[in-house]
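First to last, the sequence lines map onto chains A and B.
Using our numbering, the letters of the first sequence correspond one by one to residues 25 to 665.
Using our numbering, the letters of the second sequence correspond one by one to residues 436 to 572.
These aren't lab readings, by the way, just hints derived from the structure by calculation.
Since the structure is predicted, the reported quantities are computational estimates derived from the model, not experimental observations.
We put the CB at the ideal spot given by N, CA and C, even for glycine.
Fair warning: there could be bad hints in the mix.
[What the hints assert, rightly or not] Sample of chain A residues with no beta-carbon within 12 Å of chain B, all distances over it, derived:
id	residue
1	351
2	374
3	661
[Said to hold, decoys possible] Below, computed lysine-lysine pairings styled on DSBU-like, alpha-carbon distance capped at 30 Å:
id	chain 1	residue 1	chain 2	residue 2
4	A	497	B	456
5	A	497	B	492
6	A	299	B	485
7	B	565	A	582
8	A	66	B	544
9	B	565	B	492
10	A	560	A	228
11	A	614	B	511
12	A	212	B	565
13	B	516	A	58
14	B	456	A	212
15	A	412	A	67
16	B	518	B	544
17	A	412	A	355
18	A	226	B	516
19	B	485	B	501
20	B	456	B	485
21	B	554	A	67
22	A	66	B	456
23	A	599	A	236
24	A	599	A	560
25	B	544	A	614
26	B	544	A	299
27	A	58	A	356
28	A	481	A	431
29	A	212	A	254
30	A	226	A	265
31	A	615	B	511
32	B	516	A	212
33	A	254	B	544
34	B	516	B	485
35	A	226	A	599
36	B	544	A	67
37	B	511	B	492
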Amino acid sequence: MLKNIFIYIMMLLLFTDVAYAQNLEVLLNELAQKDDLSVHTKKESGGYLTIFTRQDLDRMKIHSFKELIEKIPFQRYNEDARGLSAPYYQPYQLNDPSRIRIFINDRELISPLFGGGLQLAGQMDMAYIDHVEVYMGIPSYDISIEPSVVVIKAYTKTGSRENTSMVGLSGGSYGANNAYAYRSEDLKDFSYFVYADHLNLKRKEFYNLGSKISRDKDIGDLYAQVTFPKSRLEFQAIKTKMDNFIGSSWNITPKNSNTNFEYLNFGYNYHSLDKSLKAFVNYSYLKDRHQDSSSSAPIGLSKIPAFPFYIPFYSSSVDISEHLLDTQLTKKYEFYNASFLLGVKNRYKKFIINRYTRDGVDFPIGTNYSSEDIASIFGEYDYLINSKNRFILSANMERYIENSRIKGENVPSFRLGYIYHSDNFTQKSFIFYGKFRPTTEELFQNDILSQGHNQIKSEGAVAISTQSSWQYKNSLNTLLIARTYLNDFIYFDGTGFRNNSDQYVFDTASFKTVYSFSALDKIEFNAWVSSDDYGKSSSNRHEQKYGGYLALFKNFSKIDTYNSISYMYGYDGKKHGWNYNATITYPYSKKLTFYLKGENLLNKAMGTDYYRINQITGSKTILNDISPFDRTVWFGLEYQF
Amino acid sequence: MKVFVLILLAISAIFASNVEKLEAQLLSTIAHGLVHKREINVCVDDPSLKGVGKYFKNINIVSCGKADLVFTSHDKDIMQKCKTNLVFSTSYYLYEHSPMIVGAFFWQKGRPNIVFREKRLSHLGISLPKNLRQYAD
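Okay, chain A solo, but in the shape it has when bound:
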């Protein structure tokens, strides 16, 4: 099967027109690429950058962010025990949002208690997104409020670039369906973009001991934006109902296990005309109602007060309200041959457990921890030695203020960069030193488990990295090499949270080449390796992971095609994983387009072993090799009014 796909791709290449006519359509296609919105939003000094342009996303017919994760070096897409997007998922470990953060324009999607923007947005429809920038290697401090290894910045479509009304309908395997509509207009003094979407994400179901195991989701999304020459107003509302996949049941027999989630956001963004002064304020409200039960086993143990006994419970429910207020102000000063960016930012997180029950009876949470405030100041000095050499020094100081028994902390971090740029060659190098504060969820759970007696430390990180990029004829090539040291790694050992005393060392390298046959046709190839050392105490000290992808964008007169195969090796003892995706788009008329899209068509994408442990008998129930990508075929249409 794989052989056939490679032969198919090679045949497509043979039919590629290397030379093409300089007609008006070609000029329009070239302009679409060269004046893509990403050209105006990207920050080259922000980190190692991968861009998915508007044309890329359109031609791939991307439905959700999860499809992009495997195109980012050193990343594997995965889902957690609740069926939510969590690339670093490990059984019984908490999600760590500091590894990948996701932004919609300047707003980070994050749950104040649970973190993890990808958990919220990973499987949502993204037809309102214009382009996506991915920054790797501890990006610049003005990009992310809290530090992160990878930042995904998704920029929404804008009224000035859309100028139309669209409707999109699609249906897929397992009865999944999606409908979206948007209206946008560039008026005399302002532009607007309004978008609504409903996604009924039916997915492959599994059964264990007669219990249905489902990760279906029903998501409604409303987004609105009004843009003025110097400011932008934004609003987003998301309502989700989802099944909790394997849930907490000790023998993986979930019953009535689901989550209702609501998200509301209001944002205001200001910038001066020369963009030297920028400011934003974003307020988000989240409501999470989660219930869990099992058809034939307990889901946890409750301690009986004043007795050294535990009794099992079979159902639980929790109702949580969360508030998030982000503010940021940056001012850029320009000197003779340098610039200095000064910024202040604040993030206030509030989370309230309205009610928590076990077997229908109210149960005390065991902690009063309910808020975190992060105040930070950062500076970035950008010095141009000459037209080819550039030096960047960034420093950031964060003050974490916690309530209840949690101790606050000052978290400094530094970033030193050097960029060499000539006509066809660019060399970027960065050194980062900093800390990753324990997440609010880790602090919350740790406080409950230790009753304030165990204070976990921040993880420390040092990263050294360099990337060469060179243009040769029609190809753009990049080679990235990095070494990262991680100290005090935080993990859950079954009884509480600990800092690992061993130092972790990650050696990573990635090579990518993009060869353009014309303004529309290109082939992309990426291969990466990650050699991980988890320290002498680890039972599985050394791990080698490999990955990459081959993708072809090819236009045949009216028909547009996209083929991509991703490869993964070495995760959690898994061998090879292949994920083949393809899209064929046919514009029936200027207004109506049909497309056919396949995901994981070989059904060989890397799977995950999910398990639960009976805490009394110690027996383990395993759900083997479940892929986060269902083998799915979508048929869709888009109509432009």
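Dock chain B against the given chain A, drawing on the hints supplied.
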């Protein structure tokens, strides 16, 4: 002038020149499609297209009163002001709200587009060359 600003401007100019060159090629194709003269006088009344002039061939930038063709992004009264019939818009909003305008170059659905208003062109006695006919409304 500050060196830093100059270098940044130079870098952005390299990017801008690519875009401006393409925009100039597009506007030039439109102009030669609408005005069947070897040397064409055009007026560019759009601040975002100020840099395209240096890439024009056989096209002179003139004030709107002397222009064979006017490109405008905002002024719906430009026909009266400049006493010209041939106005091409660089804004979809203006094109939609000004039926006398002969066509538009604008962004729609995330990509640049060109459209010609065939009825208005017929009224003016202008027929589109073969390579532009597919863009007629």
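The hints, checked one at a time:
Every beta carbon of chain B lies more than 12 Å from that of residue 351 (chain A), the smallest distance being close to 28 Å; the non-interface claim holds. No Cβ of chain B approaches the Cβ of residue 374 (chain A) within 12 Å, the least distance being about 38 Å, so the stated non-interface status holds. Its beta-carbon lying about 15 Å from the closest one in chain B, residue 661 (chain A) satisfies the requirement of being farther than 12 Å from that chain. Note on residue 497 (chain A) and residue 456 (chain B): the hinted pairing holds, with a Cα-Cα distance of about 20 Å set against a maximum of 30 Å.
Distance check on the hinted pair: residue 497 (chain A) and residue 492 (chain B) sit about 28 Å apart at the alpha-carbon level, within 30 Å; holds. Between residue 299 (chain A) and residue 485 (chain B) the alpha-carbon distance is near 20 Å, which keeps this suggested pair within the 30 Å criterion. Between residue 565 (chain B) and residue 582 (chain A) the alpha-carbon distance is near 19 Å, which keeps this suggested pair within the 30 Å criterion. Among the hinted pairs, residue 66 (chain A) with residue 544 (chain B) is consistent with the structure: their alpha-carbon atoms are about 20 Å apart, no more than 30 Å.
About 21 Å separates the Cα atoms of residue 565 (chain B) and residue 492 (chain B), which keeps this hinted pair within 30 Å; it holds. Between the alpha carbons of residue 560 (chain A) and residue 228 (chain A) the distance comes to roughly 40 Å, so the proposed pair goes past 30 Å and is violated. The suggested pairing of residue 614 (chain A) with residue 511 (chain B) holds, with an alpha-carbon distance near 27 Å, which does not exceed 30 Å. Proximity of residue 212 (chain A) to residue 565 (chain B) is assessed by CA-CA distance (about 33 Å); at most 30 Å being required, the pair is judged violated.
For the proposed pair residue 516 (chain B) and residue 58 (chain A), the alpha carbon gap of about 35 Å is over 30 Å, so the pair is violated. Pair hint residue 456 (chain B) plus residue 212 (chain A) holds up; C-alpha atoms about 26 Å apart against a cutoff of 30 Å. Among the hinted pairs, residue 412 (chain A) with residue 67 (chain A) is consistent with the structure: their alpha-carbon atoms are about 17 Å apart, no more than 30 Å. Only pairs whose Cα atoms come within 30 Å are accepted, and residue 518 (chain B) paired with residue 544 (chain B) is rejected, the gap being roughly 34 Å.
In summary, the hint linking residue 412 (chain A) to residue 355 (chain A) is supported, as the alpha carbons are separated by about 25 Å, within the 30 Å threshold. Only pairs whose Cα atoms come within 30 Å are accepted, and residue 226 (chain A) paired with residue 516 (chain B) is rejected, the gap being roughly 60 Å. For a cut-off of 30 Å, the pair hint linking residue 485 (chain B) to residue 501 (chain B) stands: about 18 Å separates their Cα positions. Note on residue 456 (chain B) and residue 485 (chain B): the hinted pairing holds, with a Cα-Cα distance of about 12 Å set against a maximum of 30 Å.
Restraint check for residue 554 (chain B) and residue 67 (chain A): the C-alpha separation of about 46 Å exceeds 30 Å, so the hint is violated. Taken as a hint, the residue 66 (chain A) and residue 456 (chain B) pair is honoured in the structure, with Cα atoms around 22 Å apart against an allowance of 30 Å. For the given pair, residue 599 (chain A) sits about 28 Å from residue 236 (chain A) by alpha-carbon distance, which is consistent with the 30 Å threshold. Straight-line distance between C-alpha atoms of residue 599 (chain A) and residue 560 (chain A) comes to about 24 Å, which keeps the hinted pair within the 30 Å bound.
Between the alpha carbons of residue 544 (chain B) and residue 614 (chain A) the distance comes to roughly 12 Å, so the proposed pair stays at or under 30 Å and holds. For the hint pairing residue 544 (chain B) with residue 299 (chain A), the CA-to-CA distance comes to about 26 Å; that is within 30 Å, so the pair holds. Restraint check for residue 58 (chain A) and residue 356 (chain A): satisfied, since their Cα atoms lie roughly 26 Å apart, inside the 30 Å limit. Of the supplied pair hints, the one linking residue 481 (chain A) and residue 431 (chain A) holds, its CA atoms being roughly 10 Å apart against a limit of 30 Å.
Using a Cα cut-off of 30 Å, the hinted pair residue 212 (chain A) and residue 254 (chain A) holds, with the two alpha carbons roughly 14 Å apart. The hinted pair formed by residue 226 (chain A) and residue 265 (chain A) meets the criterion: a straight-line CA distance of about 12 Å does not exceed 30 Å. Simply put, residue 615 (chain A) and residue 511 (chain B) have alpha-carbon atoms about 28 Å apart, close enough for the 30 Å limit, and the pair holds. With a C-alpha separation of about 20 Å, the suggested pairing of residue 516 (chain B) with residue 212 (chain A) holds against the 30 Å cut-off.
For the proposed pair residue 254 (chain A) and residue 544 (chain B), the alpha carbon gap of about 23 Å is at most 30 Å, so the pair holds. Restraint check: the Cα-Cα separation between residue 516 (chain B) and residue 485 (chain B) comes to about 20 Å, which is no more than 30 Å; the hinted pair holds. As the CA atoms of residue 226 (chain A) and residue 599 (chain A) are separated by approximately 28 Å, the hinted pair is consistent with the 30 Å bound. As the CA atoms of residue 544 (chain B) and residue 67 (chain A) are separated by approximately 24 Å, the hinted pair is consistent with the 30 Å bound.
In summary, the hint linking residue 511 (chain B) to residue 492 (chain B) is supported, as the alpha carbons are separated by about 27 Å, within the 30 Å threshold.
In summary, the numbered hints that this structure violates are 10, 12, 13, 16, 18, 21.
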